[in-house]
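Enquirer: We have chain A; now place chain B onto it with these hints.
Number of protein chains: 2
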Amino acid sequence: MKWKPSSDSHLTFHEQIVDWMKFRIESGDWAVGTKIPTQRQLAIQFNVNRSTVQLALDELKADGLLQSKLGSGVFVTNISWNVLLNKTQPNWKKHIDSSIHRANDHTIQLINEYEQYNHIIRLGTGELSPELLPTKQLEQSLKEITLDAKSIGYSSPKGNERLRRVLCDYLKRRGIQSEPENILIVSGALQALQLIAIGLLEEGSVIFHEEPSYLSSIHPFQSAGMRMHTVMRNHQKLAENLKVFKRKRQSIFYCVPTLNNPTGVNWLLEEKKNLYNICKELQIPIIEDDVYHELLFDHTLPTLKSLDKSGQVLYLGSVSKTLSPGLRIGWIVAPSPVVERLADIKMQTDYGSSALSQEIVAHWISTGLYENHLKNLREQLKNRAAFIENILENQFRKIATWNKSEGGFYIWLRFNKPIVNKALFLNLLNQNILINPGYIYHSGDSHHIRLSYAYASLAEIKEGLHALLLLCNHE
Amino acid sequence: MKWKPSSDSHLTFHEQIVDWMKFRIESGDWAVGTKIPTQRQLAIQFNVNRSTVQLALDELKADGLLQSKLGSGVFVTNISWNVLLNKTQPNWKKHIDSSIHRANDHTIQLINEYEQYNHIIRLGTGELSPELLPTKQLEQSLKEITLDAKSIGYSSPKGNERLRRVLCDYLKRRGIQSEPENILIVSGALQALQLIAIGLLEEGSVIFHEEPSYLSSIHPFQSAGMRMHTVMRNHQKLAENLKVFKRKRQSIFYCVPTLNNPTGVNWLLEEKKNLYNICKELQIPIIEDDVYHELLFDHTLPTLKSLDKSGQVLYLGSVSKTLSPGLRIGWIVAPSPVVERLADIKMQTDYGSSALSQEIVAHWISTGLYENHLKNLREQLKNRAAFIENILENQFRKIATWNKSEGGFYIWLRFNKPIVNKALFLNLLNQNILINPGYIYHSGDSHHIRLSYAYASLAEIKEGLHALLLLCNHE
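From first to last, the protein sequence lines stand for chains A and B. Using full-length UniProt numbering, the first residue of the first sequence is number 1, and each one after it goes up by one. Using full-length UniProt numbering, the first residue of the second sequence is number 1, and each one after it goes up by one.
Chain A extracted, bound-state conformation:
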């Protein structure tokens, strides 16, 4: 499908490639600053030798259209337009640099980029391995689903009503009392945070969280102009701290009390009660991000939401960590006025979530397929956790510490020495190994890695950890 040089042309391959690249630059597709694909990728796309690609690139560099930057690749130069013609093009770079939303942190952009490639060993990915996804059963359930026209039209603002009813029932087992009107279907928990940021908080609001924090690796609140403030739930002056930093501003407390991301920690019941009582007194709403709950290995735990008698807790759930991230289905449980407000904004943002995905999730939960799948999944994750812990025990005991996993995906590995910096990240990436370094969850952290046993195969985990160990010993 992609363009290739043709053997019917009167031009040589390398001349055709030069013309094609000039056209891309001229048309604005490869604007100033665009990083062009690697020689290897281009050689594959064009079905030519790398030397042919190199010849073409050299010519364009000599013309001043392209430029190599040491160690980071080949880029379209900022004089390329003048070289080609004296034409006017929008200055996209200027547009982007001055726009509202923050770019992802560079390490996270690299993670997003390299997660696309099959040859990469992913030691930190917060996602189920392809072999753990119930692909065949999902395919089977597609065959069983009956669509009606209503279910493929625009969904009602709060989402598919059947799914909301099914969820009410499902969440009861977790001590959460709700009615369908208290549930908003969203495209994953991240979108829930986005909606809360723009729909419930004024600019300059204070977001309290504990670090390390998943929130430090994403920016829904920061991009909406909120201030992040780190507090620790066990600090004896927690209430005072919240009061002082909140002052007269609006605020919200974000937490992942069950199988925390990235630490894997479960809060004690006492800690939950304490936080709830303090926040209630100070009228600080709480976001309970509970997307890992189903993955507790041995027993369930009471949610903060189940303690909530005052409509204080906004509860987030999702099937992305358990069934399939590709469905893009999550939910918010909240008081009705909150649900109505967020539904109104969701309608203004994307007119609702995929109706098809909502049907599938309702089908899986209501038929018990989901519960059965979860049983099996927990078993497999537990085995994977044991596998990785065994390697750690044998090889990392002298240089690092960690807690035994109680569920979910992660082990928050702490190195005794502060060796986890961007250089280590890039060094491993150079060996096709991708890690999630602690500093993306807590700026300045140089001790931790969020290891995930959910994604890579056991052989890959072994190989990846071995390479990591060699690097660490080398430090």
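Be careful, since some hints might not be right.
[To be verified] Simulated coverage check for chain B against chain A, where a stretch passes if three residues somewhere in it have a Cβ under 8 Å from a Cβ of chain A: (1) 220 to 227; (2) 386 to 400.
[Said to hold, decoys possible] Distance condition first, Cα-Cα at most 30 Å in a straight line; then the derived DSSO-like pairs of lysine-lysine: (3) K309(A) with K398(B); (4) K309(A) with K172(B); (5) K94(A) with K248(B); (6) K309(A) with K248(B); (7) K398(B) with K417(B).
Keep in mind the hints are simulated off the structure, nothing from the lab. What you are looking at is a predicted structure, and each value in this text was computed from that prediction instead of being measured. Ideal Cβ positions, reconstructed from N, Cα and C, are used throughout, including at glycine.
Expert: Below, chain B without anything else, positioned relative to chain A:
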């Protein structure tokens, strides 16, 4: 699934209902200001007589927990909490009122709300009628699709690669040259606007558009702090106006040049060339919203994007108007740096669109199912347009004017007298008829209605227009 009073209880039905409602208020689910469902809806939910519901409501009103507001329903009073207990709850209303995103216009909120009810005749809905949706074929294609684990995991930032390749090919027929790297898959065109607003424009940027405008009925740019500015493409001083109002600020020009929403108008080729040249000279990027293109009845038209030699035009498409809005799949065609930037923000917003929906769309377009469906759909819409035009011709000729439809969903009906105000909207709603009044597309317009022949059944259209006519003659 929903709660119902039980006949096993030692309490009467109405006592159980009172307790249940008190619990809802107490728990914060029915916070201050919540509008509670109608007596009729509650009677259905509880499976009791309306008189039982009324008894319960009367008791709660006497207690000061509920309050009727004339003509708008029954609400939770602002002293309800004091009445129940002296407890602290978050003040959600204050949160909502001071937060960042604009609420939908009240008329639009009512439209969103009433579109959920089956008994409403929807004369303005911009959506295919259930009978025009290819529900059975979609169900059939679910059975044919093979999933692989990769396709149900998190999607790559730009979206399913196969779909992007299929779209490159598909868009060639419309004169649009692109590579997969120039395409970003989004959850519908509205999300594309949202991403552009926060990803390409600084606060205070100027958004140019023609009014009436779809953009006036939604607020992605306004909520991001941009200024809307109305210009007309045929104004002889268009270039000067753009220059004056842009000044040194960033700006973008939004347009729907093919089957405009709400007017149905198609721009002339000369108008497109003229706008493109002016915007190119002034370095104003253009958003070409082209979601109705496939619904041109008789012949295709050149897109603005096909004239674009400078990477100036951001082109939006979608299957929401043609195949199924519930899939939530659309796309942006743009220069690579723009696609990369918006993909980065999309990853931060919702981690991509439904993988399942993307698979389905790729399947429909690549197998030709989509093209076949469109042929049939255009035929049916053409018949519907003729039906509504026939009624207009026979009954509205003396009081209104309109253009014959060339495709899409809409007729922009202009009444000679300025009778289209909120009172008319509410009056019709009272008769269970929903219209899209012109003022939601152009503040202050009191002459127009956006009629849609796409949604309501022919019998409903006839009945609805009859009621409208009676009201108009009454004015």
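Enquirer: Now look at each hint and say whether the structure bears it out.
Expert: Cross-check of the supplied hints:
no.	hint	verdict
1	220 to 227	holds (count 4)
2	386 to 400	violated (count 0)
3	K309(A) with K398(B)	violated (61 Å)
4	K309(A) with K172(B)	violated (58 Å)
5	K94(A) with K248(B)	holds (13 Å)
6	K309(A) with K248(B)	violated (53 Å)
7	K398(B) with K417(B)	holds (11 Å)
Consistency with the previously given hints fails for numbers 2, 3, 4, 6, ordered from lowest to highest.
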